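Engineer: Given chain A, work out where chain B should sit, using these hints.
So the protein lines, in turn, are chains A and B. Heads up, the first sequence is in the working numbering, so the first residue is 1 and it goes up one at a time. Heads up, the second sequence is in the working numbering, so the first residue is 1 and it goes up one at a time.
Hints listed in this document are in silico derivations from the structure and should not be mistaken for laboratory results. These numbers come from a predicted model, not from an experiment. Idealized CB from N, CA, C, for every residue including glycine. Hints are not guaranteed to be accurate.
[Stated by the list, open to error] Which chain B residues face chain A? A few, computed with CB under 7 Å, are given here:
#: 1; residue: Leu46
#: 2; residue: Gly146
#: 3; residue: Asp150
#: 4; residue: Ile209
#: 5; residue: Phe230
#: 6; residue: Asn233
#: 7; residue: Phe238
#: 8; residue: Gly239
#: 9; residue: Thr245
[Said to hold, decoys possible] Within a straight-line C-alpha distance of at most 27 Å, the following computed DSS-like cross-link-like pairs (lysine-lysine) qualify:
#: 10; chain 1: B; residue 1: Lys237; chain 2: A; residue 2: Lys177
#: 11; chain 1: A; residue 1: Lys81; chain 2: B; residue 2: Lys119
#: 12; chain 1: B; residue 1: Lys152; chain 2: A; residue 2: Lys152
#: 13; chain 1: A; residue 1: Lys169; chain 2: A; residue 2: Lys189
#: 14; chain 1: B; residue 1: Lys327; chain 2: B; residue 2: Lys119
#: 15; chain 1: B; residue 1: Lys119; chain 2: A; residue 2: Lys237
#: 16; chain 1: A; residue 1: Lys175; chain 2: A; residue 2: Lys152
2 protein chains.
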Amino acid sequence: MIIALDAMGGDFAPASTVEGAIFAAKESKHKVLLVGPEKLIAEELLKYHKKYNLRSLDIEIVNATEVISMGEHPAKAVRQKKDSSLSVCAKLVASGKADACVSLGNSGAAMAAALFYMKRIEGVLRPAISSAFPTIDGHCIIADAGANMDCKPEHLMQFAIMASLYFEKVFKMEKPKVGVVSVGEEPTKGNELSLATYEMLKKSDLNFIGNIEGRDITKGKADVVVCDGFVGNVILKFGEGLAETMLSLVKKGLKKHPIAWASLPFLWAALKDLRKKVDYRELGGAPLLGVDGVCIIGHGSSNGVAVKNAVLAGARAAEHDLTNEIKDAIAKYEAKVNTVSNG
Amino acid sequence: MIIALDAMGGDFAPASTVEGAIFAAKESKHKVLLVGPEKLIAEELLKYHKKYNLRSLDIEIVNATEVISMGEHPAKAVRQKKDSSLSVCAKLVASGKADACVSLGNSGAAMAAALFYMKRIEGVLRPAISSAFPTIDGHCIIADAGANMDCKPEHLMQFAIMASLYFEKVFKMEKPKVGVVSVGEEPTKGNELSLATYEMLKKSDLNFIGNIEGRDITKGKADVVVCDGFVGNVILKFGEGLAETMLSLVKKGLKKHPIAWASLPFLWAALKDLRKKVDYRELGGAPLLGVDGVCIIGHGSSNGVAVKNAVLAGARAAEHDLTNEIKDAIAKYEAKVNTVSNG
Chain A
1 MIIALDAMGG DFAPASTVEG AIFAAKESKH KVLLVGPEKL IAEELLKYHK KYNLRSLDIE
61 IVNATEVISM GEHPAKAVRQ KKDSSLSVCA KLVASGKADA CVSLGNSGAA MAAALFYMKR
121 IEGVLRPAIS SAFPTIDGHC IIADAGANMD CKPEHLMQFA IMASLYFEKV FKMEKPKVGV
181 VSVGEEPTKG NELSLATYEM LKKSDLNFIG NIEGRDITKG KADVVVCDGF VGNVILKFGE
241 GLAETMLSLV KKGLKKHPIA WASLPFLWAA LKDLRKKVDY RELGGAPLLG VDGVCIIGHG
301 SSNGVAVKNA VLAGARAAEH DLTNEIKDAI AKYEAKVNTV SNG
Chain B
1 MIIALDAMGG DFAPASTVEG AIFAAKESKH KVLLVGPEKL IAEELLKYHK KYNLRSLDIE
61 IVNATEVISM GEHPAKAVRQ KKDSSLSVCA KLVASGKADA CVSLGNSGAA MAAALFYMKR
121 IEGVLRPAIS SAFPTIDGHC IIADAGANMD CKPEHLMQFA IMASLYFEKV FKMEKPKVGV
181 VSVGEEPTKG NELSLATYEM LKKSDLNFIG NIEGRDITKG KADVVVCDGF VGNVILKFGE
241 GLAETMLSLV KKGLKKHPIA WASLPFLWAA LKDLRKKVDY RELGGAPLLG VDGVCIIGHG
301 SSNGVAVKNA VLAGARAAEH DLTNEIKDAI AKYEAKVNTV SNG
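If we strip away everything but chain A, and leave its shape as in the complex, we get (with noise of 0.2 Å):
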């Protein structure tokens, strides 16, 4: 698979995207493209000469002459920056010469660059970021994560079928169990959209489970857990918020109690695995689900590692050929949705 990587994206970026796509490019068979400024990312690329062969890695540079910054406006950073090191990224998928484009960038832009460049897949009413959320044996995918603010419930039923599909076809599980976020276990408490969408979803040929409390998202409840991209974003925001706050209130309290303190080396290998575990950057990024193409918009603060996990995420949905298995999924939704109305 050919990976276009926004070099420029991210706020370590290029140190972080040069080094991650040599991550990829040593670790996997892709080809990673470096979209930036040439004569930038060439001098940022020399730098690690003498650590690896670069000659023996499958990275090559295309050049991009501008940048979209976090700050900008995305819809009107994309429109304007026609030769932006993102811009470009979804060109080279739009036009086939890349199989996934990935950023780390300003992710208002990126989904207004695939939305531009790529398209909407037809049918698809809204794409939805579909972001991997670790749960005590595994992880599960929230959707939407913060594409969408203000939906409808068709929207939600559409993210429910495209996240399904990605965990299928991407993890490898059957029937993945999909649950839309709610106050209740009831199928009568909730608001007007999670009720409504409640209902289409029970008429639905996937595995529904009901409506999924925010107690049950992190036991692993539902492996598709279905909601808006507001009620997404707070989710995973608060979570990784959280997860930081107790570790180090761990450290506090421990510091409180001599002994413990003492036994904290030996403690540090049981906590590595945790913070691992909750560790966006283990995660890789997160599918822009319904686009005409595979784009992964990852972390902003990603390192070299979470720039790797990102590249292969995009590798994994273009081999699995996401893009086109979505698009049969929502026409066969749609067909069904038609035939039933006009029935």
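Structural biologist: Okay, now just chain B, sitting in the frame of chain A:
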């Protein structure tokens, strides 16, 4: 203060509520009215007669022949069961015979009973559950935590006024920081509700600090965290679930590392501090702000200590005359809004 405690509310009632009443009466000068089937409560109380000098405690049984269970339809149950322990509690406050009522049972029914018997404060559009959540160095108040699913900006504006006052009066902090839950710091980020609420809060006299992202909640960035009851409930329950999951992962992780596992007894003291911090039982119940009288709604799985904390939370709110403070603040705010719109 005289506190009416719904002795039949909660997963472990009446054992937990009777124990909680004893703890509260022992620890404070407040009188606790145990409301429920007279005979049953008396029998439960008798179990403690060897351990405590019951006569020295200011506890009284108030008979109520009916019980509203967890599964019942809130409004219907309250309308039909006029002699339920919950309804009698609300009536005791409405008639001035008690200063606060406390229930750990069906929270929807508790709200319905409070609204039915105590009524809304004039000018209050929707009462809000204001729940405490631990932060790294204290706690914040989340309003609304589940009373109102679909809200308008003017509802959230009132939640902010009422919860600020609660923080100010009961927790003795001047000008608590108010934030509105959103997906980014920038005023342009959010959904329709958060964006419109931002504009209203910006013009208010509250100490508004702007949008607060999910990750900032446990960092204590805001004292009063404003959102609709759907989002608030999901956040609270997600936090509860994640904290549990993390502690069990820490334990599991420790088991994998024999030396760390051996240090567990020493570590336990440190973890206990943490557990206490994230334990809802320590935080007592949440007031339903905006009804004409103090009504505290506690966690269904409350034990004796949690019930005691909920009773003491009720007494504190009553002592600080929270209801009249809210009356004044809402009247002032409404007068200001009307002047502006007429002027």
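Engineer: Taking the hints in turn, state whether each one holds.
Structural biologist: Hints and how they fare:
| no. | hint | verdict |
| --- | --- | --- |
| 1 | Leu46 | 36 Å, violated |
| 2 | Gly146 | 6 Å, holds |
| 3 | Asp150 | 5 Å, holds |
| 4 | Ile209 | 16 Å, violated |
| 5 | Phe230 | 4 Å, holds |
| 6 | Asn233 | 4 Å, holds |
| 7 | Phe238 | 3 Å, holds |
| 8 | Gly239 | 6 Å, holds |
| 9 | Thr245 | 4 Å, holds |
| 10 | Lys237(B) with Lys177(A) | 20 Å, holds |
| 11 | Lys81(A) with Lys119(B) | 58 Å, violated |
| 12 | Lys152(B) with Lys152(A) | 17 Å, holds |
| 13 | Lys169(A) with Lys189(A) | 32 Å, violated |
| 14 | Lys327(B) with Lys119(B) | 12 Å, holds |
| 15 | Lys119(B) with Lys237(A) | 37 Å, violated |
| 16 | Lys175(A) with Lys152(A) | 24 Å, holds |
Going through the hint list in order, the structure does not satisfy hints 1, 4, 11, 13, 15.
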